Amino acid sequence: MKFGTNIYKFTQYGEDLAGTVEFVKTAEALGFNHVRFLDHVVGIIAERHSGIMQTPYTSKSYIHEVFTLMAFLAGQTSRICFMTGVLILPQRPTLLVAKQAAEVDILSGGRLTLGVGVGYNAIEFRAMTGNSGGNFAERGTLFEEQIEVLRRLWTKEDVTFKGRFHDIQDACLAPLPVQRPIPIWLGFGRRISPIPPDKVLRRVGRLADGCLPQWLPGEEARIALGKIHAAAREAGRNPDDITVEMSIYGDGRSKAELIDDIKRVRDFGAHQVHIRWDDLSSIRDNIEGIRRFREVMDAF
Amino acid sequence: MSFGTNIYNFTQYGDDLPGLIEFVRTADELGFHNMRFLDHVVGIVAEKHGGIAQTPYTNKSYIHEAFTLIAYLAALTTRIQFVTGVLVPTQRETCLVAKQAAEIDILSGGRLRLGMGVGYNAIEFETLGADFKTRGKRFEEQISVMRAFWTQEEVSFKGQWHNIRDASLAPLPIQRPIPIWFGMGRMYAPVPTDAILARVGRLADGWLPMIQPGPEARECIRKVHDAARAAGRDPSMIGMDVSLVVGDKSKAQLIDEVRAFRDLGATYINAYFPVSSPRGEIEAMKRFRGEVIDAAA
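Taken in order, these protein sequences are the chains called A and B. Residue numbering for the first sequence follows this note's numbering, beginning at 1 and increasing consecutively. Residue numbering for the second sequence follows this note's numbering, beginning at 1001 and increasing consecutively.
The hints are simulated quantities; they were obtained by calculation from the structure and are not laboratory data. These numbers were taken from a predicted model, which means no experiment stands behind them. Please note: incorrect hints may appear among the correct ones.
Claimed, not checked - Derived, one-sided and incomplete: chain B residues facing chain A with beta-carbon distance under 10 Å:
#1 Asp1015
#2 Thr1090
#3 Glu1103
#4 Phe1149
#5 His1162
Think of the CB as a built atom: it goes at the ideal place given N, C-alpha and C, for glycine as much as any other residue.
Whenever a hint applies, use it, and build me the whole structure from the sequences.
Spelled out as structure tokens, the structure:
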């Protein structure tokens, strides 16, 4: 069983770059497989944008840019993997994502997993007018085309692609990434409404190397995972090739309870576990949290 | 006047990241002020496009992405300034350029200088889905947007190409704003158009001309300074980062050229070492440091 953690809550602690570096190095030393990094490019002054969906990230959130932060950490670590969780793909220009992901993969010696999502914040999407096109409502279609383009650029030395949003003729990335292609995992849903529409589940089954659901084990989740697997089979893929990483919450849970939680998600079908906490209020607390969690990991 | 160098030749050395890292760390240790990094997001298979005018960079060039490479090197160095030489923002997304530049500035402790240009490769623009014709005007608008993001906690901007409402970058960079220097011209055609020189005078914190000492260079500088004054700016605040081709020139000649650049008013001199190998570049840099920099002072 592989274990990951994240720096999501660090956005609320203010400026502490040294603490972030220490957390990631500690996670590496403790044997975590990966750390997840979130992505927002522009902060939104939430009270002036009544229309956007509830977001924990606003203009006050202290968000390090994800590709440059991972590059910075790559040279200070040697084993731990970096996962974007998730990169909001449609608001970025596709070829630049391809190039920067390839570069991080090279700088880290093949330690990148690109978790991607379609995003939910229309204001941020519109602020980024130099993206690969389309409007907010079309971002799902753009997203699927982007995934196709990314994989071609990461595996071929001469790429020609004409789609609705891309017109690429005899172009390439040099150097190519270490992983050809870099794994693309799909994130979806929210903790308060973790089961996405069928369209999204089918997309995961057709396209994803892995997925990052927010659901907890249960009947609804079991049906949803079944839909992903059915779509994979329909697309001629082996459902087992889609890695599933599920989250467990460490707040107030004893070691024994956490071991039970992990067994439950494993029995449900998760290949990897992502440990997170809601209540911690400093980087120091997070470092203590992952240190204590080490004992739980040792049970697997 | 301080000295810098660049990693431009490394695009020809293939897969040698350790060599590149050692080159940059050596420059840091030797006290070079800055290191320039080039930017091309996508390579173009040149022969399928009927050849591309005036570019030494094709699909065979091994080009590390500028921002992520700088972020990586920020952790491995302590003093050296990172300069994009040059980044083409018109091929990128404005908010993302602002955000990534701010991040690198933070990661490096304020060691970023952003050299930017409008770009020249139309096929790259087409491939990246960016409009080539409007790049000059768009470039100017992008600079306004970036400076707003780097200095204000709330940004609203409605222009011809941007529509930003009540948004911000958090964290802000260390340098507020990050210095923006304009790149222009080419080694064999170093004199830019009047429009480009005037843009430097109006908008830039500095420029990265390819001009060599002489009457033409002085004329270019005069035009930049005139445009600065016309815009109500102090011309002495506009820095000049010039390029010195080291080649196989003698020590005496290099010292003469450095002094001529100093007399011309250069803030920084960027040394271009001959194409060799990562090891050869490190040796050339050490020689230049030992034989030229101190002697010319």
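(Q) Need the list of violated hint numbers for this structure, in ascending order. (A) Violated: none.
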